Amino acid sequence: MNKTAFRDGDVISGGLLAALGSYIVLEARAWTYSGPEGPGPGFFPIWYGILMIGLSLFMVISKLMTARGDKGDAYDWRAIGRSLSTWLAFALAVALLKPLGFLLSFALLTFFIVAIVFGRSLLTAAVTAVAVMAGFQITFPVALGVPLPVGLLGF
Amino acid sequence: MDVVNGLLHGFSVALQPANLLWCFVGCFLGTVVGILPGLGPAATVAMLLPLTFNMDPAGGIIMLAGIYYGAKYGGSTTSILLNMPGESSSVVTCIDGYQMARRGRAGAALGIAAIASFVAGTVGVLALTLIAPPIAAFALSFSSPEYFALMSLGLALVVLLSGASLVKGLLSLLVGLWLTTMGTDLFTAQSRFTFGQSQLLGGIEFMIVAIGVFAIAEVLATVEGGVKSQVLPVPRGLRNLLPSWEELKACRFAFLNGSVVGFLVGVLPGAGSSIASFISYGIEKAVSKHPEKFGTGVPEGVAAPEGANNADTGGALVPLLTLGIPGGGTTAIMLSALILWGIRPGPLMMQETPDVFWGLVASMYIGNLVLLLLNLPLVPLFAQILRIPAYVLFPIILGISVVGAYSTSGSLFHIALLAGFGLLGYAMVKLEYPTAPLILGFVLGDAMERALRQSLMMSQGDLSTLVTRPLSASMLVMAALILLTPLLGRLNRWRVRAIAE
Chain A
1 MNKTAFRDGD VISGGLLAAL GSYIVLEARA WTYSGPEGPG PGFFPIWYGI
51 LMIGLSLFMV ISKLMTARGD KGDAYDWRAI GRSLSTWLAF ALAVALLKPL
101 GFLLSFALLT FFIVAIVFGR SLLTAAVTAV AVMAGFQITF PVALGVPLPV
151 GLLGF
Chain B
156 MDVVNGLLHG FSVALQPANL LWCFVGCFLG TVVGILPGLG PAATVAMLLP
206 LTFNMDPAGG IIMLAGIYYG AKYGGSTTSI LLNMPGESSS VVTCIDGYQM
256 ARRGRAGAAL GIAAIASFVA GTVGVLALTL IAPPIAAFAL SFSSPEYFAL
306 MSLGLALVVL LSGASLVKGL LSLLVGLWLT TMGTDLFTAQ SRFTFGQSQL
356 LGGIEFMIVA IGVFAIAEVL ATVEGGVKSQ VLPVPRGLRN LLPSWEELKA
406 CRFAFLNGSV VGFLVGVLPG AGSSIASFIS YGIEKAVSKH PEKFGTGVPE
456 GVAAPEGANN ADTGGALVPL LTLGIPGGGT TAIMLSALIL WGIRPGPLMM
506 QETPDVFWGL VASMYIGNLV LLLLNLPLVP LFAQILRIPA YVLFPIILGI
556 SVVGAYSTSG SLFHIALLAG FGLLGYAMVK LEYPTAPLIL GFVLGDAMER
606 ALRQSLMMSQ GDLSTLVTRP LSASMLVMAA LILLTPLLGR LNRWRVRAIA
656 E
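Taken in order, these protein sequences are the chains called A and B. The first sequence lines up with residues 1 to 155 when you count with the working numbering. The second sequence lines up with residues 156 to 656 when you count with the working numbering.
Warning: the hint list may mix true and false statements.
Said to hold, decoys possible - Straight-line distance between alpha carbons at most 20 Å, and here's what the computed EDC-like set of lysine to aspartate or glutamate pairs gives: (1) B:K404 <-> B:D340; (2) A:K63 <-> A:D8; (3) B:K585 <-> A:D8; (4) B:K585 <-> A:E27; (5) A:K63 <-> B:E587.
Source of the hints: derived by calculation from the structure; they are not laboratory data. Only a predicted model underlies this, so the values are computations on that prediction, with no experimental measurement involved.
All chains, full assembly: derive it from the sequences and hints.
Below you can see the structure in the form of structure tokens.
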């Protein structure tokens with residue numbers, strides 16, 4: 001594992017959190033901090049926003065100060081790529097819920113996971129996709145009466 | 156209602172056929188979930204919670220609790236047969252359990268794990284039964300400042316114990332607080348952090364955050380590594396699963412050690428069963444006459460951590476049921492479930508909803524027995540679950556997550572948020588940000604802000620009200636001391652080493 005990469009991760013996430021903290025404080029400043037009835041809606045967010053900025057900057061600075069000259073290990077980007085491609089496929093399946101419905105979009109997701117992420121044969125992927133979606137249809141709408149998102153095709 | 160009458164009432168609820176069925180279903184699902192690496196009780200409870208909305212609250216919480224403690228029973232099977240923990244809390248069981256299995260004592264190891272889980276799990280519930288009523292009675296004197304201080308103390312403990320970096324724990328908590336602030340302010344109707352989206356005016360559903368951060372993130376993290384291990388065979392027949400008399404005798408102290416340590420650690424918010432099992436294993440090794448044999452397959456090395464792991468459940472329910480403060484991810488989801496059913500966990504819960512409180516406690520005695528009966532004879536059957544290919548399992552988990560989220564919100568917008576929280580959870584795992592503080596910040600943030608604002612309204616904006624009341628002052632001082640731990644070099648090094656191990 002690359003320690004530099006870890007630190008980069010900490011620096012980037014710290015920077016993002018500092019930006020989030022700044023956004024929180026800026027937004028909260030527009031709301032009442034304190035009124036005649038006590039603290040307003042801006043009171044709590046301002047304090048945790050300030051704390052977020054302080055802590056994230058502390059993390060970024062302390063990482064930058066200790067990171068010099070230390071090469072360390074690297075992330076396994078190939079493994080991360082498997083996870084991120086799974087997430088992208090999942091996000092795409094979610095985006096396709098409206099036009100295709102749950103059964104079709106998740107059958108495609110299952111096919112992708114089996115065939116691409118796990119490298120199984122197309123036949124295995126197709127059979128798994130059909131079987132899993134049949135299981136969902138039987139378990140949720142039929143047995144439990146829980147609706148699945150329906151697409152433009154009516155299922 | 157005193158303890159005896161309360162418990163009798165609880166058994167009259169838990170022994171109703173429908174509740175017995177839910178208890179069995181919960182224990183069964185929990186065992187299955189515990190066996191499957193990569194799917195934890197928090198993720199399962201989060202995914203299945205929406206399906207319990209129409210259930211009777213007593214039946215619903217009995218089932219969810221069954222999943223919670225059932226997963227702890229099931230986790231040991233994977234540790235012993237696969238040398239891979241089914242649950243994070245079963246990590247220690249791998250050390251001696253897998254060695255016993257390699258020496259042909261898999262049956263005895265599984266038997267000892269089941270017996271230790273039963274003994275310690277029952278002791279944990281007994282302690283919960285006896286300790287919960289006086290704590291609830293004491294908490295009746297709490298007002299808003301005390302509740303704010305108590306939540307601050309609980310969150311400080313969670314931050315302290317959930318990860319090596321206190322700063323990352325705090326940042327995770329603050330993100331949870333921010334997420335819970337989204338929506339309409341109940342005091343003034345001011346909309347906060349809604350980005351102009353009307354769907355966010357009601358805030359973000361807790362289930363969306365919990366399913367995303369736990370279930371989706373767990374799938375993504377497991378996909379990364381894959382699951383490639385050799386399952387050791389399980390001997391068939393009950394006789395082959397029972398440990399010998401000598402092995403049981405060797406575990407006498409381990410049963411007691413696991414029960415006591417597990418319960419005490421369980422009561423602490425944030426500590427969790429992983430820490431409990433490590434501590435009890437360490438104690439067992441320290442007092443053993445043959446510490447050098449630990450790691451080679453000694454039965455005490457299985458009994459102590461498995462016992463602690465299960466006694467922890469009873470302890471974890473003490474702050475949840477008596478104070479309304481969850482100590483970890485799964486109990487946070489159970490708190491959310493109770494609130495959704497219109498039940499407010501806290502000092503009045505056993506008076507206002509005795510069916511739910513005592514029904515749950517009584518069902519845990521029954522559940523421990525159900526799990527012993529399930530796990531001893533049916534372990535060979537459960538072990539077959541380990542042969543389900545990951546490529547079948549992961550699409551099912553993702554699908555159930557979406558169905559759960561959709562049945563909660565009925566909105567595709569919230570399912571898109573679910574995908575976002577899945578990525579956030581995965582990023583947190585990769586960057587070593589603990590997820591428990593985020594979840595607890597989210598679940599407690601609203602109540603914490605309300606308690607703080609009510610306290611300041613009562614004192615007309617005077618912050619000293621938080622430190623002039625002895626109880627709230629002492630809890631806030633403890634919270635501050637906890638957060639100052641990193642400045643105490645030696646203590647912090649011990650903390651970091653304990654968490655890293």
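Given pair status - D340 (chain B), K404 (chain B), alpha carbons within 20 Å: Given pair K404 (chain B), D340 (chain B) is violated - Cα atoms ~60 Å apart, limit 20 Å.
Pair hint outcome, K585 (chain B) versus E27 (chain A) [Cα-Cα no greater than 20 Å]: Not satisfied, since the Cα-Cα distance of roughly 30 Å exceeds 20 Å.
Distance restraint between K63 (chain A) and E587 (chain B), which requires alpha-carbon spacing of 20 Å or less: 14 Å, holds
Distance restraint between K63 (chain A) and D8 (chain A), which requires alpha-carbon spacing of 20 Å or less: Holds - the C-alpha atoms of D8 (chain A) and K63 (chain A) are around 8 Å apart, at most 20 Å.
Agreement of K585 (chain B) and D8 (chain A) with the hint, judged by alpha carbon distance not exceeding 20 Å: 12 Å, holds
The earlier numbered hints that this structure contradicts are 1, 4.
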